[in-house]
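Please arrange chain B on chain A, whose structure you already have, making use of the hints.
Chains as they are written, first to last, in this note's numbering: chain A, 92 to 204; chain B, 77 to 198.
Wrong hints could be hidden among the right ones.
The calculated lysine-lysine pairs, modelled on DSSO-like cross-linking and capped at a C-alpha distance of 27 angstroms, are [unchecked claim]:
#  : chain 1 : residue 1 : chain 2 : residue 2
1  : B       : Lys185    : B       : Lys92
2  : B       : Lys146    : A       : Lys187
3  : A       : Lys156    : B       : Lys146
4  : A       : Lys187    : A       : Lys162
5  : A       : Lys160    : A       : Lys109
6  : B       : Lys79     : A       : Lys148
7  : A       : Lys160    : A       : Lys187
8  : A       : Lys148    : A       : Lys160
9  : B       : Lys185    : A       : Lys162
10 : A       : Lys187    : A       : Lys148
11 : A       : Lys187    : A       : Lys108
12 : B       : Lys92     : B       : Lys114
13 : A       : Lys160    : B       : Lys185
14 : B       : Lys79     : B       : Lys146
15 : A       : Lys187    : B       : Lys79
16 : B       : Lys79     : A       : Lys109
17 : A       : Lys187    : B       : Lys114
18 : A       : Lys108    : A       : Lys156
19 : A       : Lys108    : A       : Lys148
20 : A       : Lys109    : A       : Lys156
21 : B       : Lys114    : B       : Lys79
22 : B       : Lys185    : B       : Lys79
23 : A       : Lys156    : A       : Lys187
24 : A       : Lys148    : A       : Lys109
25 : A       : Lys187    : B       : Lys185
26 : A       : Lys187    : A       : Lys109
27 : B       : Lys185    : B       : Lys146
28 : B       : Lys92     : A       : Lys156
29 : A       : Lys162    : A       : Lys148
30 : B       : Lys114    : B       : Lys146
31 : A       : Lys148    : B       : Lys92
Since the hints were derived computationally from the structure, they do not count as laboratory data.
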Amino acid sequence: EAQVTQNPRYLITVTGKKLTVTCSQNMNHEYMSWYRQDPGLGLRQIYYSMNVEVTDKGDVPEGYKVSRKEKRNFPLILESPSPNQTSLYFCASSQKGSSYEQYFGPGTRLTVT
Amino acid sequence: AQKVTQAQTEISVVEKEDVTLDCVYETRDTTYYLFWYKQPPSGELVFLIRRNSFDEQNEISGRYSWNFQKSTSSFNFTITASQVVDSAVYFCALSEPPPPNAGGTSYGKLTFGQGTILTVHP
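Excised from the complex, chain B in its bound form:
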């Protein structure tokens, strides 16, 4: 069964510090998709990034960067020069294809990690 572990329950940093949020996953398949979502204090869930298992290139988007390493089954997220507005709960998620006997190729199940609460102090 697929599993996502975010071992860091809470992280507290001071503004302008860099911070890395860890995500480790387990999957039986060679084709899968990984995601990061942000949940600010207002409660909505915001999509940050999607990565498929065949694309191991790291990605950078402004102050955000993602490090995908299949060898260690990790998909870590780094915020550079953190800001107070980065304070939120961050979720890593894994989408895996259905078992062979289920038929079809569409992906239906999505497994989230427990989330990491990031607090950035001014």
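Chain A with its partners taken away, still in its complex shape:
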């Protein structure tokens, strides 16, 4: 089944404790992206990757890191999480870029206390 998976689905952590949210797709898509969803703000793009080893900032990259060492994986790293990073995070992939239909993962609910 074609899908985008994210882990964990739920995470509660404390300020400053490094964490990684994994994202994997099995559709051989070149493009992957991370978004955060906050009430009243919609989805905002954090980082995106056009292909392996090619990443770029979205609209809200501060406090996040990403890497794309393999085509199927695009982890999101929070080196020192803060409470303002409490949010719902979505990973997505598409064939060749943001001009194509995005396939979204199920979301990761992160709470930073």
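Using the frame of chain A, we list chain B on its own:
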């Protein structure tokens, strides 16, 4: 910078009513792509439609229709004869090519509107 505005935060209708969700966008470019996504209460994001800036034909898919007007930078979404299962958050989104000095032609940035919460009552 690209921007998408969904001015309607929440809409409440009774089943079988028609409802239109507004989407207004700003972009510097003549080539761009517009999307609508649905987020039902279960939380997943579901693709509804993709439209490029050169195709101004309106589209109909069952009870759903989309009205794209470049003159007013709008891409509105209408649900005819709404049903309870249409209750969801609906997002409009815009994909724009990178600036000329960025190199390449691939599209990377995607900007979403704030979303409209639609509640359809039985």
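Quick rundown of the hints versus the structure:
no., hint, in the structure
1, Lys185/B with Lys92/B, "violated, 37 angstroms"
2, Lys146/B with Lys187/A, "holds, 25 angstroms"
3, Lys156/A with Lys146/B, "violated, 37 angstroms"
4, Lys187/A with Lys162/A, "holds, 12 angstroms"
5, Lys160/A with Lys109/A, "holds, 20 angstroms"
6, Lys79/B with Lys148/A, "holds, 16 angstroms"
7, Lys160/A with Lys187/A, "holds, 17 angstroms"
8, Lys148/A with Lys160/A, "holds, 17 angstroms"
9, Lys185/B with Lys162/A, "holds, 19 angstroms"
10, Lys187/A with Lys148/A, "holds, 17 angstroms"
11, Lys187/A with Lys108/A, "violated, 34 angstroms"
12, Lys92/B with Lys114/B, "holds, 19 angstroms"
13, Lys160/A with Lys185/B, "holds, 20 angstroms"
14, Lys79/B with Lys146/B, "holds, 15 angstroms"
15, Lys187/A with Lys79/B, "holds, 22 angstroms"
16, Lys79/B with Lys109/A, "violated, 32 angstroms"
17, Lys187/A with Lys114/B, "holds, 22 angstroms"
18, Lys108/A with Lys156/A, "holds, 14 angstroms"
19, Lys108/A with Lys148/A, "holds, 23 angstroms"
20, Lys109/A with Lys156/A, "holds, 11 angstroms"
21, Lys114/B with Lys79/B, "holds, 19 angstroms"
22, Lys185/B with Lys79/B, "holds, 11 angstroms"
23, Lys156/A with Lys187/A, "holds, 22 angstroms"
24, Lys148/A with Lys109/A, "holds, 20 angstroms"
25, Lys187/A with Lys185/B, "holds, 12 angstroms"
26, Lys187/A with Lys109/A, "violated, 31 angstroms"
27, Lys185/B with Lys146/B, "holds, 20 angstroms"
28, Lys92/B with Lys156/A, "violated, 46 angstroms"
29, Lys162/A with Lys148/A, "holds, 18 angstroms"
30, Lys114/B with Lys146/B, "holds, 23 angstroms"
31, Lys148/A with Lys92/B, "violated, 43 angstroms"
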